[in-house]
Each structure stands twice: as structure tokens, then as C-alpha cells.
Amino acid sequence: MRSRWFVLSLGAVAVFLSLTGCSKERTPWDGIAEIPAHVDHSTFFEGAKFTDGPSVTKACMECHEKEARDFLKTTHWTWQGDSVRLPDGTIEHIGKANLINNFCIGIKSNEKHCTTCHAGYGWRDDSFDFNDPTRIDCLICHDNTGTYQKAEDGAGEVDPDVDLLAVAKGVGAPTRQNCGFCHFRGGGGDAVKHGDLDGSMYFPTERIDVHMGRYDFQCYYCHRTVDHDIKGRSMTLNVSDENRIACTDCHDSRPHKLQRLNEHTDAVACETCHIPEMAIDEATKMSWDWSQAGQDLPIKDHHVYAKTKGRFVFKKHVIPEYYWYNGHSGRYLMGEKINPDEVLKLDWPLGGYHDGRAKIWPFKVHRGKQPYDTVNKIVLVPNTVGPQGYWTIFDWDTALRIGSEHNHLPYSGHYGWISTEMYWPLAHMVQPKEKAVQCDECHSPGGRMDWKALGYRGDPAFEGGRRENGAISMNVKENPDASVIPSGEPADAFEDRQEGGK
Amino acid sequence: MIRRIYLYSTYERVWHWSQALGILLLLLSGYELHRPDQLHIFGMQGAAWLHNLLGLLLIINAIFSLFYHVATGEIRQYLRQPDDVFTLAIQQARYYAYGIFRGDPHPFDRSPQRKLNPIQQATYVVILNVLLPLQVITGSMIWGAARYPDSVGRLWSLRLVSLIHTAGAWAFALFVIVHVYMTTTGHHPFSNIKAMITGYEEDERPEPTIQPQAPPEASQQEVR
Amino acid sequence: MARRGAFSAPGAIILLTLLLLLAAMPTAAAALHPDVELLDADGNNVLDSGGPVSPMQTCNGCHDTDFIAAHSDHIQALDRPQHARLAPGQPSYAADPAGYVRWLKAYGTMHVGGGDAAKAGLDLDCFLCHTVRPDVEARNREITDGRFRWAATATLSGLGVVEKTGGSWQWKRASFNEDAALSADFLGIGAPTSTACGACHGTVDFSRAPLTSFPDPSNWNTYLRGEIYSPQRLADSGMNIQGKDHLGRPFDVHAERMVSCSNCHHAQNDPASFRSAQERRLGRLHTDVRRPSIGDFLETPDHRLARGWTSFGAADDPFAGSMRRCEDCHEVESSHTWLPYPKLHMAAMDCESCHIPRVTAPALQEADWTVLTPERQPRRVFRGVDGPADSPATLITPWRPLLLERFEGGRGERISPFSLVTSWRWVSGPKGEDVSQEELNQAWFEGDDYAPSIVAALDANQDHQLSPDELVLDTPTKVDVVRKRLEGLGLKDLRIVGEMEPYGLHHGVAPGSYAQSDCQACHGRGSQFRRATQVASVLPGGVEPALAAGSGSHMDGHFWKDQDGRYWYQGEIQQSSVYVLGASYDPIIDFLGKWLIVLTLLVVAFHALLRFLGARRNQREVQS
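Residue numbers (my numbering), protein chains in the order written: chain G, 1 to 502; chain Z, 1 to 224; chain W, 1 to 624.
Just chain G, with the same shape it has in the complex (with noise of 0.2 Å):
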């Protein structure tokens, strides 16, 4: 009996080491959403034939209505989403759908090129019903075949050689190559519009993205969706802080081995170090001069140079240019007053060296030159694509003329050019530790960052940072900076210009 207590009292140590020795830590892939089992649904759509798209919509509602109700919330249909108050008082929804960017500024006029981007089918003007969910296109995202095509100018409509039965049975989880088909290619091809997104991330290796080439992520593993509303912001269409990916989902806020990187963390975004360049594999473009186009210049390149566009610069391996983000952004909206004798600031991020809660990003600037009333003062939205377009007849009055018809902007039959920038904070491209930044690229002389614009004496490794010299709280979160704006408000656009536009 005794000997038994001595056997028992050994397999409670065991027991006991056993656990203390396991204790599991928590690591990244906490973060990641659980996926869930999939659905073959290869042996559904008996007999079905599939004629166009809203036939294949209906056939997913019959199982599928709530998801289809839940996505006529969501921006990805709406292409609107954050709220500002104008200055007459009235809520406006910006998003794709209203705001000019200087690529191909905007998408009023010019909807049956625009909308091919469109999870829905035929958005051809302002006719189109965003409360019909017969409308969804479902198969853009959902598509695993790797077969399903939209018509070119086809307001969304899907192509007609799909075989929308062989596409309808290989539905799942959206891959690279769903959400790609978008977002690489914005801006009208590939690698154009995002330094941090293209091409070489359908197939990544670890070089181009370690998320996606070390560990073959999926866009929602990190862009986790809850009734398909997808998680993530992109600073050029929204003002706020809302619904953001972060880092630190996955990640400790602190997760160096060494202290010295992790005192970085209060002044630098994690993006900074470890985005150490964009465009890795594709070129991407970094101007756009509207002004140019129009000619019949012996250019052969696309990349230099197009009649119906004007005159690019693309750049491979860019080093980022580095400002201050809170999280919050200012955004030119349409029909807004320019001083046309400045550079116009699209978007901008918000936040600068005495704001406890910016950080020091890295961001691809596109600087362009795009059309302006000069009697007006106002940007411009040319109308390109159909018979009168400009891309079809070159006529830049009747294309402006037509384009301010279709978003209500006055236009004086006078027009000019205004250089433009617009500001794309980047968060793909992500490099681990043997690839990131060093310390000496940025604190040496002629390194990455301009310290004296960023608003420091000097390099804060040799002057200190902005605690060291009293630019902010050492205690940020009791102390919250003023020019933050409380995220759910809506947000007035216009005093966010003047406090970051200076």
C-alpha cells in the first residue's frame, strides 16, 4: 500500500511538470480567422442552366438569402462608406462611388469601364438598384475555378463564354486570386495603382510577402469578414480609424527580443521596418500626367507613355516616403474649392510629431496632373470611356462636359491642369526580421527619413525622440492628442484639411 502512495506521489510530479512545461503561449495564428469546413458544392445545381448572372444569384439566394441581404450592407456593393458632414450640413457617404482620385479620377460617366471592378452585375449609371441582391455577383469572390470572367465595359456583366454551371459548382472561400482580380489590378492594370498589392502575390514566395509566401495566407486571414463585411481600411476612400487591420491583432505590440526595437514601437509603425520596399517584383506607378494625352507620340511603351492617358512614371523596388498617421485621414471631396497654384492633396494622413498616437508610416505618394475648371476652382471628372468619351474622340471639353453633367459639378467650358498627390499607406510586402529595415538606413546621414520634416531637432538617436524632447505625454493613452477624432463620429472633412493640409 505504501509503495502504491510512493507511485501515485511520482505520477503527480510527472503530471505537474508536465503542465508547467506545456503552458501554451500565445502565438500569431491566434489571430487568424478559424476557417470554416467547406461546402462542396459540386453535386448542387441539378439541371440548372445558368444565363446570366443574376440566374447564378438567385440559385445561391435559395440557400444563401441572409448572406445576400448582409452584402447589400457592405462597401464592396455600396463602393460608399465612411460619413462626413459637408459644410452645409448634410451627412454624405464617400467612398469609391464619389470621390476623385488622380488615376482615372472618377467613376460617374464612366461606369460600364469602372464597374467590371463591381461585385454586382450591371452598373451602368445612376439607374442601378443597390437594393436588389439579384444583382450580386457572387462568383467574383467566390469563384475557385479560376475560369470566371466580367465583359470588358460590361458594367459587371459576367462574360458570355463562362460556363456558369462549372463555375456555380466550384464555389468556396475566396482566394488570392478572388480578391486580386481587383485590388491587384487598380487603376487599370496590374501593380498600378497599390505599390504594397499586385501580381506576384497570386503565387507569392516568401520574398514578396511573408504572410502570403511563408505561410500561404489568404487575403481573410488577416481581413477577417463577419457577415461579408470585410474587414480593413483603405486611408484614399475613408477618413476614420474604423474597422482597421492592425498588426497587433496577431502580433505583441512589443515583440522584439530586442528592447531598443521595441521603444521604436510608440513612434514607428510596424510597417516602417519591415515594409522595407515597394513594387518588389512589378513596377509600379508613381505620376501620372494627365496633360500629356492626346498626342501621337512614337512611344511604344505602356508604362511611358498613352494617347488616351497621358505620360506615366513606374518605379520597381520603391523605397517608401515616411509621414506621421494617427489612423485618421483628410480627403478632398467633389466639387470642393482648390488653390490651383498648390499641389492638391487628394487624401492625407493625419497626425504629426506632437501627436502621441501617430506614428511614422511608410507611404506610396502618386503624383498626378489631372483636369481642374479654372473659372470654378474645382477638380474635375472627365468622362473617358463610351462613344463621346475622350479615350474615343479626344476631346477633353466634351469629355469634361459630359463627366460634370453626370456628378453635378458646374463646369465653365474652361479648364486646366492641377498637380495632384495622393497618399497610400502601405501594409502588404510585409518582410520579416532578416529583411527589414537596420537601423543605420534610417539613423545616418542620408538615410530614409527626413527628421527635421518629420518635425524632430535631429535623429532622434542622437537628439531623442519626441518624449526625450516633451512633444508629447509620456503617458499617451490618458492624454489623447486633440486632433484625433473620436472614431463612429462623422467626421468633418473639412477641418481635417486644414489641420493636415498645411
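Source of the hints: derived by calculation from the structure; they are not laboratory data. You may find that some hints are simply not true.
To be verified - Cut-off 20 Å, straight-line C-alpha distance, at most; resulting in silico cross-link-like pairs (SDA-like, lysine to any residue):
1) W:Lys343 - W:Arg358
2) G:Lys435 - W:Ala235
3) G:Lys345 - G:Ser234
4) W:Lys492 - W:Gly526
5) G:Lys433 - W:Ala235
6) G:Lys257 - W:Ala87
Got chain G sorted already, so can you dock chains Z and W onto it with the hints?
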């Protein structure tokens, strides 16, 4: 009628087995430190940590047992020598050398008063009073030299100490092998181990005075 | 548009103040050092005299240049006889009959000027280290051409203040300011940058361009040790390093963390860095705050730079161990919690032993001055490459340094990593004086061609050419042919001597995650203390090299020659004073222990068998 003799007290048994476990693990971790290329159990860091910890436990165990043996007077088991100790030792050696093969009776009858035969007595005195302290002292010196290199000074002495410690470890390993084997030389192969677990030695031999007719071999036959 | 003109008065004042402040900032920095009037040797402005600039005169206005010249290793190192041999095995200039000027033309590019060289016209060149863009190549050209007086002027040509037209240097008055001086900002006067040190001492690269480095005697540390000081990651470099894709570490972690050479190798009396030499530090004081004032320091900066335990000449060097070492900046025990007995490890070995686990550039293994290549250079073999070391296509195999014990003054004997360089040279006479380079040339060459008798003896493939493979004295006959040629020059008692010099490795430090942290690298029978290191690919004249005197280290293991003629050294931890767990053991004790256990097991098994048989027999007897 089975004789049950209560030989080992609870403390003695716990002491014995904890000592045994400690020494086995010390030999194992020590070997890993000595030949890290041959043995991978704890890893070098783990082995070093474990070896130090076990060494400490061994010292504590030794102090407790010394107290126990002195306080209970059990220390006499090791010290008290009968007058004919040499004759008995030779008898015992003879038994191991050939008597045991013929099935001769064990020349030494254990009793709570005399648990150890003279050879055991001599061996344990050497193990407990020479080898164990030697290992503890040399081991502590190695530990101390590593911990306080400045105060211990030049390292040449460490080399000698380390070699003595290694030799001692080999000797301990030898002892363990012989010791384990010798436990099987009891009345039947596992009776001694059982005694060390339960505390009771079960002698299945009938009392010779009561049943003189029965040859002792019968009991062995039964065991098989 | 109208708003642009409408500046408010307070706004304008603020703007103006800001502009003024901005304009004032550069001058505020420059105010630390006054404008510099360049003076010639007579103390006249060079714009007036048109002569060569004399740094000794120019800087003397504020800094005691005579003091500096008298307290500078960079001068005295090349004046001291024990350093006269510039490279391992290289015949010394003392024995060179062609004289000092000839030597200075050949090797003055490695000399900062001053001392003996000043007597020949090569003045101490302050600009070389203390200005921002020294034109080292222009200076070297002046020196090799023998125009020593113009060397310092050429150094400044990188700034565009002086130009060489028609063979003579012309000062460009337009580059000077109205006081005929140069602003200190323009000259970039300051403490030497790492790049400035690298100009002579080795590959130092702070540019982001893919780094390449090929062995070159003028690249001293990289040539002898494979050390490279650069923040660049190995994977990003232009070096063909084996497995570089996985080498995400910088060439040197200190370079990455912006530590410059002068941070550790500071001037002896620099009040910001000063510490007395390790041996003479007071044990009870962490730091001695009684220091020279900045003014005193700037007037008489002691240019005997702080240094560690150099492999040679440390014994009589009062400043050996005066530099900042690892433990002067790094807290060791709290950062090595994983390591059992950190104190013992730190007491027994230098940090470099683990933190320079491998060297990723080729380093000199042998310099054989018993033969001469057509370029009048020795036969050289490099460690870490299998093929020509000067080709970018040759694969560099990161090599493990040789761990030796070295005497480090008050720190005692410590294990440290070394690059072992072996050299052979001819000596003559009863005192064993070096055969000079000139005599070697005469023995080996007749005009521009090899002497026919030497070609005949060495030309193994009978093509009347000496290929690099054939250029080695690996048989007594070949040795005799060269010896006869040398004897023809009147030299007597000729013999070959070989010398092994262990050069300590201290740069190219890997960050913690790349340091040696595998216990078995040292603790185990495969310990690096017992690893065989190739000393030489061949023994010229069969001469086994001896460890150079004064290295402070000792090689107690054994040497042997393998069947391919290569010469090896294997450390023998048994002979060493340290006891390395797992690697140290006494063969007799282990032999006895092992076989006694086997024997005991056999005896026990035999005993058990007999018992078993005996019991069976007894059983049968009972049954029958």
C-alpha cells in the same frame, strides 16, 4: 508459515529509493555532460541544471540520513563488527563464489538487528563515507569554480578535481551494477527488492527447528 | 490668388524669425571649428605661395602638431623595428639595399606620414583621417611617384580646392572664401569616420551598394583576418558566400548599430571616452571623472589610439587593453541567462569566441616568400575559398576561426578566435637576417623573365612556363636551385624559416541570434578546441613553421602532415589548462571506467548463469 521480518523502516526505504533515483539521474545527467555527443536527454543546459539540483538534494538527503542513523542508533548497522568478522566475510565471499551455485544456505541470516553482512557493511561504509563525500566535495568545487571563477582562482585545480569527479562517477556506476545484481542473491531473486519496497522480508523457508525434514531446496522449487 | 499677398504682420515676423533661425543653423555647427587657412611648410598661405600644403603648419595654429606627431601610433608603428616587416614573411626594408625612399614609394601609401617619413618629405597628413572626402587615390599616386611633399595636397583634391593641371598642382582660389580660407564645414573636419579608417585598415562599407571585397595587402584587416566592417547584410552583399540566402545578419552588428571605429579606438586622453588601461584601472572605481578638459584635449590630443591586446608587441605596450571592450558596454550576465555558468565562460574566453562564429571573407593562410610570382609577390593561399580569391565567381565558404589561449595582461589567459597566417622566407648568415626583396628578385629573375635554371627545376609539365601550381619549393632539389642562385649573390648559410602568426579576430561580430549558442560546438568530442585547422597547403622546403615569438598565445596541440602534403594543427584540450566539459577527459580514467563496467557485467552475467545452472542441477537432484 511464512516468516515476515520488518527490516527497513519507512524512512530508510524512502531514503534508499530517493538516493537511488538521485544517483541514477546524476549518473545519467553526468554522462550527458561528459559525453554530450553520445547522450541527448536533457540537453546540456538541462543536464547542468539537473545535475546541480540533484547534487544539492543528495547532500540534503545525506545530512538527514546521517541524523536519522545517529538518532535511531541504526548507524550501528554499519559500525558494529562481530568478533569473527573476517571469518564471516570469508564465509560470505565463499558463498558468493561457489556456495550459491550449489544451493547452499545463505551463511548470513538477516535480522532487524543485523541487516548487513560483513561484505555489505564494508562496501557501504566505503560508499557512504569515501565515495559519496568525494563526489559531493569535488562536485561542489566544480560548481563553485564555475560560479565564482575569481575567488576560486586559477583553473588548473579544476582540471584535477574534474578528473577525480569523473573517476568517482565511474566507480558509482560500477557500484550500482553490482548492487542491483546482488539484490537478486536473496532467498529468491526479488525478495530483497520487495523487502526494500514493503519493509518486510518474507522468508518462505520454514523454521528449521520445527520442520527439520523438509530440505531447503523445496522452497526454491516452489518459487519457480 | 488674392490671399497670397495678404500676410499679416505677426505672421511675417514669425516667418522671418524662422527663416533666420534656419539660416543660422549650419553656421552654428561650423562655429565649433574656425575657418581653415591652408599654410605651406613655411607658414605662408598656399594661395600666396602656390606650394604644397603642410598639415603640420596648418593645424598647428590650434593643435599642437608636434605633440601629435610625437604621440601617434600611426607614425611610430611604422618607425618601430618590430613592425618593419609589413606583411607576414615579407622581407623587411631594413635589409633592402635600395633604401628608405624606395621603400616609402612602395609602402608609403600605408603610412600617414611624419616621423622618419617626414625626413624624406612625407609629412603627417591630418586631412587623410579628419576631412570628409579625402582623395586617397590621388595621394597614393603622389607617393608612388615619389612626390612626397605634394601628398597632403593631393588628399584635398577630392574637395575640388586643388587640381592637377599639366603635372603640377594648382590651388583654386575660387573655392576659398574671401579670407583665403576654407570653412570647416566644407572640409568636413571632425573625428575620423569609420570609412576613413577603412581606407587603410580594411573593408569598411557604409553604402547600400552590394558590397564586394577581395584580398589585398593594402586592406590590412580584411586581408589577414577576413574582417569586414559594414552594416550590410551578408544576404544582400555582392559576395559569393555559401548559403548567403540564409545569412540575414550584417557583416558587423556594431556597424549596423552605428558604432564607429573611434567609439572604441578613441584617443588616449579623449575626455569623453578615456579610461585607463585595463591593468591600471582602480578596482574600486568604475570611472575616473578627473579628466583633461576639452580644451586641453583639443590642443594636445594623444593619437596613441586605444587598442586591445594585439597579437604582437602587446607585452611592452603600455596601452594594450586600453580600448573599450565588449564588457565595457554590454551587460553580460543578464543577456546570457540561457548559458550555464556565464561567469566561468566570461572568465575563460573572450566574447569574440562565440560572437565571431564564422568569418565570411577570405583571409590569408600562407604567404610564401621563398618564391616570387611574376608580379614579384609571394605565393599566397587564402582560407575560406576554393579557387582564386580575387574572383567574384569563387565560392566563399565561411570558415571557423582557430580558438587559442592568449595571455591578456591582467585578464590572464583567455580563449579568443584567431586567423592563423603562416609565412616562409629565406634568411642568411649566422644571425638569420632576412634576404631582401631586391636579392630575391635578382635570384629569381633575369630581366623580366624567370632565371632559366629555376624554370628548368620547377617546370613540371615541361612547357617552359611557371604556372602558379609549379611555383613552390616542395622538393629538396628545387630548394637547392634557388639556394644556389642566392648563394651566387654572395649570401651564406641560406635557409628557409617558417612562422605562424595568429591574428586575433575582433570585427565582423555577429548579432546574438547568429552567435555560437550550440553547447556542443565546444562541449563534446567534436569540440572546436579539438578541431583540425589547416595551417598550410604545402611545406616549402619541408620547413615546419614555428609560432611567432611574442604572440602571447601558444599552440600546444599536435601538428601533422597528411598524404597530400597539407599541414594541419589540432588543438589538444588535454594539455590545456582549462577543463572543457565534454571535450576534456582523461583517456585512462574513461578507459578503465568503461572496461571495468563491461567486465563487471560479464562477471555478473557469468555468475548468474552459474547460479541458474546450479539451481537446475539441484532441482534435478531433488526430483530424482
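Practice task
Would you pick out the hints that fail for this structure and give their numbers low to high?
Solution key: 1, 4 and 6
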